[in-house]
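Asker: Here are the chains, one letter per residue:
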Amino acid sequence: MAVSKSTGAATAAPTYQHLMVQRLVCLVVGLLVTCVAFVADILTGPAFLSVGDVVSSLLFPADASATTVVIVHEIRLPMTLMAALVGASLGIAGVSMQTILGNPLASPYTLGFSTAAGFGASIAIFTGISIPMAPWLTVPVAAFIMTMFAAVLVYGFAHVRAMSSEVMILSGIATLFLFQSFQSLVQYLAAPEVLQAIVFWLFGSLLKASWSNVPIVATVLLGCVMFMIPELWRLTALRLGETRAAAIGVDVKRLRIKMFVLIALLTSSAVAFVGTIGFVGLVSPHIARMLVGEDQRILVPMAAITGAFVMMTASIASKLISPGSVIPIGIVTAIIGVPFLFILIFRNRRRNW
Amino acid sequence: MLSISNMTVSRGNNPIIRQASAHCEGGQVTALIGPNGSGKSTLLQAIAGILPNIGSVSIEGEPVPDKGRQSIITYMPQDTGGQSSLTLMEVILLGQINVLGLSIPPALILSAEKALDRFGLSALQNRALDEISGGQRQLIFLAQALFSTPRVLLLDEPTAALDLRHQMVVLEKVRSYARDQNIPAVVAIHDLSLAAQFADQIICLENGRIDGLGVPKDVLTVDRLRRLYGVNVEIETSATGRLRVTPLCAIDG
Chain A
1 MAVSKSTGAA TAAPTYQHLM VQRLVCLVVG LLVTCVAFVA DILTGPAFLS VGDVVSSLLF
61 PADASATTVV IVHEIRLPMT LMAALVGASL GIAGVSMQTI LGNPLASPYT LGFSTAAGFG
121 ASIAIFTGIS IPMAPWLTVP VAAFIMTMFA AVLVYGFAHV RAMSSEVMIL SGIATLFLFQ
181 SFQSLVQYLA APEVLQAIVF WLFGSLLKAS WSNVPIVATV LLGCVMFMIP ELWRLTALRL
241 GETRAAAIGV DVKRLRIKMF VLIALLTSSA VAFVGTIGFV GLVSPHIARM LVGEDQRILV
301 PMAAITGAFV MMTASIASKL ISPGSVIPIG IVTAIIGVPF LFILIFRNRR RNW
Chain Z
1001 MLSISNMTVS RGNNPIIRQA SAHCEGGQVT ALIGPNGSGK STLLQAIAGI LPNIGSVSIE
1061 GEPVPDKGRQ SIITYMPQDT GGQSSLTLME VILLGQINVL GLSIPPALIL SAEKALDRFG
1121 LSALQNRALD EISGGQRQLI FLAQALFSTP RVLLLDEPTA ALDLRHQMVV LEKVRSYARD
1181 QNIPAVVAIH DLSLAAQFAD QIICLENGRI DGLGVPKDVL TVDRLRRLYG VNVEIETSAT
1241 GRLRVTPLCA IDG
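Chains A and Z supply the protein sequences, listed in that same order.
If you count the first sequence from 1, position 283 lands on 283 in our numbering, and the numbers rise without skipping.
If you count the second sequence from 1, position 249 lands on 1249 in our numbering, and the numbers rise without skipping.
What the hints contain is simulated information worked out from the structure, not anything from laboratory work.
C-beta atoms are modelled at their ideal positions from N, C-alpha and C, and glycine is treated no differently.
Treat the hints with caution; some may be incorrect.
[Stated by the list, open to error] When the alpha-carbon atoms are kept at most 27 Å apart in a straight line, the in silico DSSO-like pairs for lysine-lysine are as follows:
| id | chain 1 | residue 1 | chain 2 | residue 2 |
| --- | --- | --- | --- | --- |
| 1 | Z | Lys1114 | A | Lys253 |
| 2 | Z | Lys1173 | Z | Lys1114 |
| 3 | Z | Lys1173 | A | Lys258 |
| 4 | Z | Lys1217 | Z | Lys1173 |
[What the hints assert, rightly or not] Have a look at the derived ranges for each label pair, beta carbon to beta carbon:
| id | chain 1 | residue 1 | chain 2 | residue 2 | range |
| --- | --- | --- | --- | --- | --- |
| 5 | A | Ile343 | Z | Pro1105 | 25 to 31 Å |
| 6 | A | Ile345 | Z | Asp1117 | 32 to 38 Å |
| 7 | Z | Ser1071 | A | Phe177 | 40 to 46 Å |
| 8 | Z | Ser1071 | A | Lys253 | 17 to 23 Å |
| 9 | Z | Asn1098 | A | Ala162 | 21 to 27 Å |
| 10 | Z | Ser1111 | A | Pro104 | 30 to 36 Å |
| 11 | Z | Thr1221 | A | Ile345 | 54 to 60 Å |
| 12 | Z | Leu1108 | A | Ile335 | 41 to 47 Å |
Turn these sequences into a full structure, and let the hints steer you where they fit.
Answerer: Right, here's the structure in full:
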């Protein structure tokens, strides 16, 4: 065939194994770059630390000075870990959402989950209620419960119509507007100082990261990944379209429901502790897809790595933009993410969806 | 042998397929013809078990339940554009989705390479689905369907929008695969001359009912085609015994 000659003219056409090696190399390089960002994020802050200080206090805390250990382990490490975990969670949630809805504009926020979290948090801040024994959990739990409520709402709507992607998107966007209105109502009614607290939460900030909430986000992420692994090929099949996936034996409805639940869990655990951080869930799947293609076995971990990288880079930027203070990370993520995306779009001549 | 009995498919209260029964022999190609909206795709999807239906499907006399039927009966949908950057190799591999895990057995990759080679697509194995032509896309989906080693092959308009060569390649592959594996193949098709040329049997659908079933020369009659399609046709038999259907004009009203 004429077309095949043009590709294999100079050398033999690269095989599938070549492509897989390339993609794995990409994944490993991504992981290494993310590790560098991890150390860089811990390095950045008002107190000056050298790379050696940070690495040695991470690897051999017994040998490092007490001050360094406190700064690294008690203050910066939880924030950096939280950035990485939230980025990874949103990356995976985003890539899954785009796959099950067959829509490049989808993200964990499309179905109104984050607005619901915002509303839950606003209500908790507004009413001043608190969970006895663990007041620090009040706002996250409220955000989590409201996200789950939104998920049930979207699911209820969509279930009636066989979980078709159009109905899911439509009911998700309706839910989004509904919770946005509720949230505006709370903001309108709130006293100025309460309003300030609500707005700060909505911006999204890593300052709330601590050794008590980092493990929770990590556990949810790990659990969801475990449940996702058996579905990876079915998700890849869904990229051929609903009918073709069904024709090769994928129960599309069951897959959508399962992924929907996992996405709701990932998104709510991520936003519950750090507030509504947008954009990472939309942009990192696209960056990952351009780098490693559609095979979900590679794409999902790549989206997690990209998400973590964008979040940690945003965290670094949020500390550098105005020295001495930390700008809420939610404000910075898009500023960091958009240039990445554009560079890749311009460098890639292929269609990317 | 594939047997369908009393198959009814409804959308809401509207029956789309009514009481369809038919037999398709192994090694034979059955062409499914009928006007647009007569229910060809719906019937194929119901047989494949991806549309809820009443009725039964059996292979060699053994009933096959809807669930899990896709591993035995392979249905190839009409091409809807392939909005994806999956590579051709990934598309082929998905034909054996039940064998795929976190790692892929090397033997499976080898046989997938051979499958691509049979369709002249091995040089394009790392190309994305949205970078190849419509004809190549149809070939890759057919290659995927055959790679799944079906016991029944159902193809929904596999020759639509293809040039002459690709039409021939696709139908020849289907016929030879059906013959070699001794499995029934059902092909929905609009081109009646092609249907007559490649099919051993023709099923004619009208408004969800089977209107005619039999060898091409019995089913393709001037009267029936006029009634079904609202078109005057000329049907000729060549010296080699081949039927040719030439549409002449649409009948008004």
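Asker: Next step is simple, just say for each hint if it's right about the structure.
Answerer: Hints and how they fare:
1. Z/Lys1114 to A/Lys253: Since the Cα atoms of Z/Lys1114 and A/Lys253 sit roughly 33 Å apart, the hinted pair is violated (cutoff 27 Å).
2. Z/Lys1173 to Z/Lys1114: Roughly 15 Å between the alpha carbons, so the hint for Z/Lys1173 and Z/Lys1114 holds.
3. Z/Lys1173 to A/Lys258: violated, 38 Å
4. Z/Lys1217 to Z/Lys1173: holds, 23 Å
5. A/Ile343 to Z/Pro1105: 25 to 31 Å: The hint (25 to 31 Å, Cβ to Cβ) is violated, given that A/Ile343 and Z/Pro1105 are roughly 38 Å apart.
6. A/Ile345 to Z/Asp1117: 32 to 38 Å: At 35 Å between Cβs, range holds.
7. Z/Ser1071 to A/Phe177: 40 to 46 Å: Because 43 Å falls inside the window, the suggested range holds.
8. Z/Ser1071 to A/Lys253: 17 to 23 Å: 18 Å Cβ-Cβ, so the 17 to 23 Å window holds.
9. Z/Asn1098 to A/Ala162: 21 to 27 Å: holds, 24 Å
10. Z/Ser1111 to A/Pro104: 30 to 36 Å: holds, 33 Å
11. Z/Thr1221 to A/Ile345: 54 to 60 Å: Once the Cβ atoms are compared, 58 Å apart, the range 54 to 60 Å for A/Ile345 and Z/Thr1221 holds.
12. Z/Leu1108 to A/Ile335: 41 to 47 Å: Holds: the Cβ-Cβ distance is about 45 Å, inside 41 to 47 Å.
Hints 1, 3 and 5, counting from the list given before, are not met by this structure.
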